[in-house]
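Protein chains: 2
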Amino acid sequence: MLLLVAFWRRQNSKGQYMKRNKVSSLDVARLAGVSQSAVSRVFSKDDRSSAVSSNMRKRVMEAADQLGYRPNALARAVFVGKSKIVAVLFSYLDNPFYADALERICLELQASGYHALVFMMPETTQGIDQVMEEILQYQVDGMITASVELSSAICARCYDSGIPVVMFVRTQDDRRLSAVTADNVAGARSVAQYLARCGHKRIAMIAGWEGASTNRDRELGFTAGLSEAGLSIHSRAVGHFHPQRAAAAARELFTVASDNRPDAVFVANDYMAVAVMDELRFKLGLRVPDDVSVVGYDDIEIAGFPTYNLTTVSQPLPAMVAATVTMLIAKIESRNVEPEHLLIGGQLVVRGSTKAQSVSTK
Amino acid sequence: MLLLVAFWRRQNSKGQYMKRNKVSSLDVARLAGVSQSAVSRVFSKDDRSSAVSSNMRKRVMEAADQLGYRPNALARAVFVGKSKIVAVLFSYLDNPFYADALERICLELQASGYHALVFMMPETTQGIDQVMEEILQYQVDGMITASVELSSAICARCYDSGIPVVMFVRTQDDRRLSAVTADNVAGARSVAQYLARCGHKRIAMIAGWEGASTNRDRELGFTAGLSEAGLSIHSRAVGHFHPQRAAAAARELFTVASDNRPDAVFVANDYMAVAVMDELRFKLGLRVPDDVSVVGYDDIEIAGFPTYNLTTVSQPLPAMVAATVTMLIAKIESRNVEPEHLLIGGQLVVRGSTKAQSVSTK
Chain B
126 MLLLVAFWRR QNSKGQYMKR NKVSSLDVAR LAGVSQSAVS RVFSKDDRSS
176 AVSSNMRKRV MEAADQLGYR PNALARAVFV GKSKIVAVLF SYLDNPFYAD
226 ALERICLELQ ASGYHALVFM MPETTQGIDQ VMEEILQYQV DGMITASVEL
276 SSAICARCYD SGIPVVMFVR TQDDRRLSAV TADNVAGARS VAQYLARCGH
326 KRIAMIAGWE GASTNRDREL GFTAGLSEAG LSIHSRAVGH FHPQRAAAAA
376 RELFTVASDN RPDAVFVAND YMAVAVMDEL RFKLGLRVPD DVSVVGYDDI
426 EIAGFPTYNL TTVSQPLPAM VAATVTMLIA KIESRNVEPE HLLIGGQLVV
476 RGSTKAQSVS TK
Chain A
126 MLLLVAFWRR QNSKGQYMKR NKVSSLDVAR LAGVSQSAVS RVFSKDDRSS
176 AVSSNMRKRV MEAADQLGYR PNALARAVFV GKSKIVAVLF SYLDNPFYAD
226 ALERICLELQ ASGYHALVFM MPETTQGIDQ VMEEILQYQV DGMITASVEL
276 SSAICARCYD SGIPVVMFVR TQDDRRLSAV TADNVAGARS VAQYLARCGH
326 KRIAMIAGWE GASTNRDREL GFTAGLSEAG LSIHSRAVGH FHPQRAAAAA
376 RELFTVASDN RPDAVFVAND YMAVAVMDEL RFKLGLRVPD DVSVVGYDDI
426 EIAGFPTYNL TTVSQPLPAM VAATVTMLIA KIESRNVEPE HLLIGGQLVV
476 RGSTKAQSVS TK
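Chains as they are written, first to last, in the numbering used here: chain B, 126 to 487; chain A, 126 to 487.
For reference, chain B alone in the conformation it holds in the complex (with noise of 0.2 Å):
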């Protein structure tokens, strides 16, 4: 730390580079009359194992505080290579399925002591390499991504620098990589055998963006629980976890003689479903959950606002930015964790979206 901080007072001496007044441990030291690097355990987070008496610890800080001292997080990076800093990375925060997820991924973070250097980006591959680039230069600790698909390029890089990346919410191929998700399958294959219970007969589905993983394992375990019933696909349309486009989607699938409308249909998330059954009611003229039944997937919010009252799938989403921030920073201090991919159960939410066919109605 010597050797940096001497620097530092160099450069700062001369005005070139520094415009702010830094006062140095060294400082503190003299003021305190002890040695710069008992100042240096008293404020070293990594080192409360340190001997510090309590005497040298409150001599220390009355001489902190006399002169204004912080200490330099940076130049701490620098020098124990732990910036404490993680790269959160979103490609967009309009669903609030995802704001919820930051907020919480930022408060759990600073709760252990990190912080979160959030990027947004693409949310395919292209255009993230440059973005990547920025993110490995800030010697970030760890990385969480969310919403978000990295190239097996900078999989590789992210591996090679040993810098640990835990995959929120999605997954991809890569074995190197952690990712923490819902039990997608399992959930969209209990919203299946429930419409089936319904009595349904013609059940569509509206799905998300196909690149993503979440969308491919919501329709895989749909279409197993239809088939499971006797039941398949009766039509299908693709929202891209957007909600014009699942609107857009819904005009698609509805707009077709009666007799062959579809009585249910489930949205890949709730952003989109509550869309489709405005789209329903105030464009195409159907009552839900009368004519047709609405089931969508996360539990945003709005999903229990009375005048959705969405039947949905839960995302345990406490439990899951929980598990993502202990696989990291289990991954960061030490390097023998392997990678997995956790799965964490949601639960079936029964609302007024959707009901049972009677007989007469059929």
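Think of the hints as simulated: they come from the structure by calculation, not from any bench. Computed from a prediction, not measured in an experiment: that's the story for all the values here. The beta carbon of each residue, even a glycine, is placed where N, CA and C say it ideally should be. A few of these clues could be false.
[Claimed, not checked] One side only, chain B facing chain A, incomplete, derived with CB under 10 Å:
#1 186
#2 187
#3 208
#4 213
#5 245
#6 262
#7 280
#8 282
#9 402
#10 431
#11 433
#12 463
#13 467
#14 469
#15 473
Fit chain A to the supplied structure of chain B, relying on the hints for placement.
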């Protein structure tokens, strides 16, 4: 840079601090057959003006690729006193207005070569101080605060440390702070004028969190607008910018004799207003707009959903975010920028949740 890199390598060879195998700019220089400072010039974003021949750039980039070298942004930050990191402080992201704002702030900072270290923190000054200590340790170049109130002690600390702060959406009395907000007074005044023109007589208000300048300015403008129309607020309750508490406020205001019931209500933001509409329709059995007109503020996406079709005042978010980032960067790059409070006007967006009172319905 030489000193730092040498220092790195020494620690590296001891293997005491570094678990990762670092490649230095010296290694790149040797392989490319150029000086180390040439490598620095090729990679430095601040030195685009320095003469680097395209031939030299090519040799350096090829050597860097071959060795897997990446410049160390943190070491550069320590070296030149610029981290290119901006601390971005939010209290919550559940209101989609703030999620949208954060997404735009991150993108705008990225486009300008800066990155967002995001902190979630308590809305009030209590409890903020500890997080602020951590932020200051990261040597951030500047700070953007949204939905967060800073104590005057913290304002002074930032000011003394030379860390520029721009408040986004909120203002405080401290004149050393710059701020960018919508013109909430003018916007709320236009709501009052519009409701008066519609012929409403018993106009209520559901306020947000009373500690927020946003709420204070909206109440101020609304009261002034009513007064100009010869009216005053019929009744008022507080929703704290929270949907459930806003719904409770609506119950309080509307559970009165029908001849004393408000015929219009201005809700201090959209996020509360949609919850108020649900409460009026589904719990209190009132029709919107036939029994009561409802107006919100912000023009978040959900306000435009046909279910709500909410009359509101837009906040021009893209312009506000661009101004915030531009103002902050100007302050980071020159100390001679005076603090200012920039007001950006919004527009009344008339939709279906309001209607003119006909004589027959009075």
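Status of the hints after comparison with the structure:
Restraint check, residue 186 of chain B versus chain A: the minimum CB separation of about 12 Å is more than 10 Å; hint violated. Interface restraint check: residue 187 of chain B against chain A, minimum CB-CB distance 16 Å, threshold 10 Å, status violated. The criterion of a C-beta within 10 Å of any C-beta in chain A is met by residue 208 of chain B, whose closest approach is roughly 6 Å, and the hint holds. The criterion of a C-beta within 10 Å of any C-beta in chain A is met by residue 213 of chain B, whose closest approach is roughly 8 Å, and the hint holds.
Interface restraint check for residue 245 of chain B: the shortest CB-CB distance to chain A comes to about 4 Å, inside 10 Å, so the restraint holds. Of the supplied interface hints, the one on residue 262 of chain B holds, with its beta-carbon coming within about 4 Å of a beta-carbon of chain A, less than 10 Å. Because the smallest distance between the Cβ of residue 280 of chain B and any Cβ of chain A comes to about 15 Å, over 10 Å, the interface hint for this residue is violated. The interface hint given for residue 282 of chain B holds, since its Cβ lies 8 Å from the closest Cβ of chain A, which is under the 10 Å cut-off.
The closest approach between the C-beta of residue 402 of chain B and any C-beta of chain A is roughly 8 Å, which is under the 10 Å cut-off, so the hint is satisfied. Taking 10 Å as the C-beta contact cut-off toward chain A, the hint placing residue 431 of chain B at the interface holds, the least distance being around 4 Å. Here the hint on residue 433 of chain B is kept, as its CB sits about 8 Å from the closest CB of chain A, short of 10 Å. A distance limit of 10 Å between C-beta atoms decides the matter here; for residue 463 of chain B the minimum to chain A is near 17 Å, and the interface restraint is violated.
Given hint, residue 467 of chain B at the interface with chain A, is violated; its Cβ is 24 Å from that chain's nearest Cβ, farther than 10 Å. The interface hint given for residue 469 of chain B is broken, as the beta carbon of that residue sits about 21 Å from the closest beta carbon of chain A, more than 10 Å. Interface hint at residue 473 of chain B: violated, since its Cβ lies 23 Å from the closest Cβ of chain A, which is beyond the 10 Å cut-off.
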